[in-house]
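Asks: Could you build the full structure based on these sequences and the hints that come with them?
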Amino acid sequence: MKILLFSDQWYPIGGGIEQYLKGLAAELQRRGADVAMLTAGHDGCPEREIWQGIEVVRTRLLNGAIRDPAPVLARWPHMVPLVEAIAPDIIFANHHTSVAAIEIARHLDLPVVYGYHGTGLLCPQRIRFLKPDKSLCYNERSVDNCLACRREMTNLDRVTGVRSALNALHRLIRPDSIRQQVSERVARYDRYQALLESADALVVQAPAWMQFFRGDRPIYAPRYGIDTETFRPVDASSFRQKYGVGERYVLVTSRIHESKGQDWAIAALAGLPDDIQLVLAGNSSLFTGPKHEDNIHTQRARATIERLKLRERVVFTGFLKTEELVSAYSGAIATIVPSIWFDPYPNVLLEALACACPVVATETVGSAEVLTEGSNGYIVPRMDPQSIATAVKAIVPRRPDMGRAARQTAERDLNWEKVGGDVLQILERAIADRRARRPQPAPPS
Numbered sequence: 157m158k159i160l161l162f163s164d165q166w167y168p169i170g171g172g173i174e175q176y177l178k179g180l181a182a183e184l185q186r187r188g189a190d191v192a193m194l195t196a197g198h199d200g201c202p203e204r205e206i207w208q209g210i211e212v213v214r215t216r217l218l219n220g221a222i223r224d225p226a227p228v229l230a231r232w233p234h235m236v237p238l239v240e241a242i243a244p245d246i247i248f249a250n251h252h253t254s255v256a257a258i259e260i261a262r263h264l265d266l267p268v269v270y271g272y273h274g275t276g277l278l279c280p281q282r283i284r285f286l287k288p289d290k291s292l293c294y295n296e297r298s299v300d301n302c303l304a305c306r307r308e309m310t311n312l313d314r315v316t317g318v319r320s321a322l323n324a325l326h327r328l329i330r331p332d333s334i335r336q337q338v339s340e341r342v343a344r345y346d347r348y349q350a351l352l353e354s355a356d357a358l359v360v361q362a363p364a365w366m367q368f369f370r371g372d373r374p375i376y377a378p379r380y381g382i383d384t385e386t387f388r389p390v391d392a393s394s395f396r397q398k399y400g401v402g403e404r405y406v407l408v409t410s411r412i413h414e415s416k417g418q419d420w421a422i423a424a425l426a427g428l429p430d431d432i433q434l435v436l437a438g439n440s441s442l443f444t445g446p447k448h449e450d451n452i453h454t455q456r457a458r459a460t461i462e463r464l465k466l467r468e469r470v471v472f473t474g475f476l477k478t479e480e481l482v483s484a485y486s487g488a489i490a491t492i493v494p495s496i497w498f499d500p501y502p503n504v505l506l507e508a509l510a511c512a513c514p515v516v517a518t519e520t521v522g523s524a525e526v527l528t529e530g531s532n533g534y535i536v537p538r539m540d541p542q543s544i545a546t547a548v549k550a551i552v553p554r555r556p557d558m559g560r561a562a563r564q565t566a567e568r569d570l571n572w573e574k575v576g577g578d579v580l581q582i583l584e585r586a587i588a589d590r591r592a593r594r595p596q597p598a599p600p601s
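Just so we're on the same page, the numbering used here is the position in the sequence shown counted from 1, plus 156.
Hints are supplied without guarantee of correctness; some may be wrong.
[Stated by the list, open to error] Lysine-lysine pairs mimicking DSS-like chemistry, simulated, CA-CA at most 30 Å apart: (1) 158 x 574; (2) 477 x 398; (3) 549 x 398; (4) 287 x 447; (5) 549 x 477; (6) 398 x 465; (7) 158 x 290; (8) 477 x 178; (9) 290 x 398; (10) 465 x 549; (11) 574 x 178; (12) 447 x 477; (13) 178 x 158; (14) 398 x 447; (15) 477 x 574; (16) 447 x 465; (17) 290 x 549.
[Unchecked claim] Label pairs and their calculated CB-CB ranges: (18) 301 x 519: 37 to 45 Å; (19) 227 x 264: 15 to 23 Å; (20) 447 x 295: 35 to 43 Å; (21) 220 x 455: 25 to 33 Å.
Bear in mind the hints are in silico, worked out from the structure with no lab data behind them. Using N, Cα and C, we set each Cβ at its ideal position, and we do this for glycine too.
Replies: Put into structure tokens, the structure is as follows:
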């Protein structure tokens, strides 16, 4: 079987989605599949190469899908020859490039599976289903609902300053034109959703995200996998020494952003014993770091630290290399994933478990599905620092046992052999279902 993966980007640019596809591709190859990748072009990267056994084809026709899928979707006919040359048996379309991939698959009568990795093709306002008042949207897309969000969005960082003033003036002068813009955008995203739901099957990271889709196509929720050889428990003394971290700390990784919920982890620190520190990995110091990292999100976090008088208990490490991150997980009392949006399936949770570190995650974190309450971690309400602190205090006396349970979860349930096998079955089923739906030739008379 030849499987063509579509992805917004590929190595050397790599994030959570690329980590997932890298691990998946390696396991599919191990099982005998031929794997190719069609992705965006980048300066300094060859248009074609064999990368760890994967046939990688880069094209600038896919560039810009994250920023705006519409132009990429419009270019799908020009990508047909690229796909024909690869000659796949099935397409596994991921994230923003999926709409173009599905159109190509329909044109070539190829089976296609859509992989959901976030709300980018569902939320017209591009605010991750997190409304300006911090309530959640459950894919309630309509002109009136999206217009209400737009009216309140002046408090968000993306529409501050001059742009905010211009938008306010525009609303006063041409109120109908704003409604028209929102209406056109909603219609565009309605089309995206219809395309996604026309795939032969849909893959979401967690069962909770099934609710965002409708229709009669099968929806599956196989888990992500994690490399348990790279992410494993190690000694953390060198990490502590390098960053001046004490014996007891909790860890939050990812760059500071309101949707990631670091403010709530900081507030939870105030409810923990004074000898417990909070390590924020991803940003330089909010007090002495570079100006280019300063934004509305870091300003809010800094204000929370100062208001609660926690400056001496918060450690900023900046970006951590993988080996440092492994040490940070290994030495932490717990890793906190305090997201306040529908965080699709953050790898940080899986990485922590593999490093024998218990996890405290909010209820809107997709990968929290692998947590067993009181065994390898806790699931808490979002925006609830008291619940975070209570969970951490419950872990402290049981840290060794919970750490072993965390590692066992990673080895048993999150290994790539199991995860890759689940995805391969989905792809094989999609091929079989497509064949069954094709019109059968009439028997000879």
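Asks: Take the hints in turn and mark each one as holding or not.
Replies: For each hint, the structure was consulted:
About 20 Å separates the Cα atoms of residue 158 and residue 574, which keeps this hinted pair within 30 Å; it holds. Pair hint residue 477 plus residue 398 holds up; C-alpha atoms about 13 Å apart against a cutoff of 30 Å. In summary, the hint linking residue 549 to residue 398 is supported, as the alpha carbons are separated by about 26 Å, within the 30 Å threshold. Restraint check for residue 287 and residue 447: the C-alpha separation of about 28 Å stays at or below 30 Å, so the hint holds.
For the hint pairing residue 549 with residue 477, the CA-to-CA distance comes to about 29 Å; that is within 30 Å, so the pair holds. Annotation: proposed proximity of residue 398 to residue 465 holds, straight-line Cα distance about 24 Å (limit 30 Å). About 44 Å separates the Cα atoms of residue 158 and residue 290, which puts this hinted pair outside 30 Å; it is violated. Taking the CA atoms of residue 477 and residue 178, the gap is near 18 Å; set against the 30 Å cutoff, the hint holds.
At most 30 Å may separate the alpha-carbon atoms for a hinted pair to count; residue 290 and residue 398 exceed this at roughly 37 Å. Under the criterion of a C-alpha separation no larger than 30 Å, the hint pairing residue 465 with residue 549 is consistent with the structure, at around 20 Å. As the CA atoms of residue 574 and residue 178 are separated by approximately 15 Å, the hinted pair is consistent with the 30 Å bound. Between the alpha carbons of residue 447 and residue 477 the distance comes to roughly 22 Å, so the proposed pair stays at or under 30 Å and holds.
As the CA atoms of residue 178 and residue 158 are separated by approximately 16 Å, the hinted pair is consistent with the 30 Å bound. Restraint check for residue 398 and residue 447: the C-alpha separation of about 23 Å stays at or below 30 Å, so the hint holds. With a C-alpha separation of about 27 Å, the suggested pair residue 477 and residue 574 falls inside the 30 Å cut-off, and the hint holds. Our distance criterion of 30 Å between C-alpha atoms is met by residue 447 and residue 465, whose separation comes to about 22 Å.
This hinted pair checks out: residue 290 and residue 549 have alpha carbons roughly 27 Å apart, not beyond 30 Å. The given range of 37 to 45 Å is broken by residue 301 and residue 519, whose C-beta atoms sit roughly 23 Å from each other. Checked against the hint of 15 to 23 Å, the C-beta distance between residue 227 and residue 264 comes to roughly 21 Å, which is consistent with it. Between residue 447 and residue 295 the C-beta distance comes to about 38 Å, which sits within the given range of 35 to 43 Å.
Separated by about 29 Å at the C-beta atoms, residue 220 and residue 455 satisfy the suggested range of 25 to 33 Å.
Comparing the model with each earlier hint shows violations of hints 7, 9, 18; every other hint is respected.
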